[in-house]
Amino acid sequence: QKEVEQNSGPLSVPEGAIASLNCTYSDRGSQSFFWYRQYSGKSPELIMSIYSNGDKEDGRFTAQLNKASQYVSLLIRDSQPSDSATYLCAVSNDYKLSFGAGTTVTVRA
Amino acid sequence: DAGITQSPRHKVTETGTPVTLRCHQTENHRYMYWYRQDPGHGLRLIHYSYGVKDTDKGEVSDGYSVSRSKTEDFLLTLESATSSQTSVYFCAIRRDETGELFFGEGSRLTVL
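Those sequence lines, one after another, are chains F and U.
Letter by letter, the first sequence follows residues 4 to 112 in the working numbering.
Letter by letter, the second sequence follows residues 10 to 121 in the working numbering.
The hints are simulated quantities; they were obtained by calculation from the structure and are not laboratory data.
Glycine included, C-beta positions come from ideal geometry on N, C-alpha and C.
Do not rely on the hints blindly, as some may be mistaken.
[Stated by the list, open to error] One-sided and incomplete, this derived list gives chain F residues near chain U with beta-carbon spacing under 10 Å:
1) V7
2) R31
3) S35
4) E48
5) S52
6) Y74
7) L78
8) D97
9) G105
[Said to hold, decoys possible] Simulated DEER-style distance windows between Cβ atoms:
10) U/E36 to F/K5: 25 to 33 Å
11) U/R39 to F/D61: 20 to 28 Å
12) F/S35 to U/S89: 34 to 42 Å
13) F/Y42 to U/D65: 26 to 34 Å
Based on the sequences and whatever the hints tell you, model everything.
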């Protein structure tokens, strides 16, 4: 079993819709959770960090964490063509991050 | 901008040759990392460092070595490159207050 698993893509959503990305992790001791966005040919860029159960909102992005279910999600509201990218979930329980394989999102104009 | 510079950005080499990738940071972060990224595998940790001359292995360390003689520089060496090491290599630093990682622009390595 992989340490971090993300829902398989690609995910295609119409402009203005909500994109929902899911991630599960195997290490119950994990304490820190991150979402990165990666455009094709570019490096990963941090977009959200979440450390406690519940929701965290930042602009059009909302991260949700449920440690009991070992589940973290990312919602992108009012999706824009510029949101088309691969989104990486990352989980850490110390100083090392483990990454999921990523979910590619395409926003249709 | 986390002040991370990777060099070279692109390199083509032949099987069996040594290759060194360099990561340079300007912000004095303690932790530095080398990841490789391949289609279908996401980012996989090769080696990391937690201080000058302090390094440890990641999940895919075979065939790689690292060195950190100064806080600002973290070198990744492929002693004898193989085609399976064709990949994009990312260096990252860790912000201690938050545990967040920030990545350099990547080094694309092709081993023929």
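Worksheet item: Holds or violated: is there a CB of chain U closer than 10 Å to the CB of F/S52?
Response: holds (6 Å)
Worksheet item: Taking the least C-beta to C-beta distance, is F/L78 closer than 10 Å to chain U?
Response: violated (20 Å)
Item to complete: Identify whether the interface hint at F/G105 stands, where standing means a beta carbon of chain U within less than 10 Å of its own.
Response: At about 6 Å, which falls below the 10 Å cut-off, the nearest Cβ of chain U leaves the hint on F/G105 intact, so it holds.
Worksheet item: Within 20 to 28 Å or not, the Cβ separation of U/R39 and F/D61?
Response: Given about 27 Å between the Cβ atoms, the range holds.
Practice prompt. Go through the hint on F/D97 and say holds or violated, using the shortest Cβ distance to chain U against 10 Å.
Written response: This interface hint holds because 9 Å falls under the 10 Å limit.
Discussion item. Hint F/S35 vs chain U: min CB-CB distance below 10 Å?
Written reply: OK, holds: F/S35 within 10 Å of chain U, min 4 Å.
Discussion item. Does the closest beta carbon of chain U sit nearer than 10 Å to the beta carbon of F/E48?
Written reply: Hint on F/E48: holds, closest Cβ of chain U at ~8 Å, below 10 Å.
Worksheet item: Taking the least C-beta to C-beta distance, is F/R31 closer than 10 Å to chain U?
Response: Violated, because the Cβ-Cβ distance from F/R31 to chain U comes to roughly 17 Å (cut-off 10 Å).
Worksheet entry | Beta-carbon spacing of F/S35 to U/S89 - inside the hinted bounds 34 to 42 Å or not | holds (37 Å)
Discussion item. Under 10 Å is the threshold here; is the Cβ of F/V7 close enough to any Cβ of chain U for the hint to stand?
Written reply: holds (8 Å)
Worksheet item: Lying within 26 to 34 Å: is that true of the beta-carbon distance F/Y42 to U/D65?
Response: With Cβ atoms ~31 Å apart, the hint holds.
Discussion item. Quick check: does the Cβ-Cβ distance between U/E36 and F/K5 fall within 25 to 33 Å?
Written reply: With Cβ atoms ~32 Å apart, the hint holds.
Violated hints, in rising order: 2, 6 and 7; the structure is consistent with all others.
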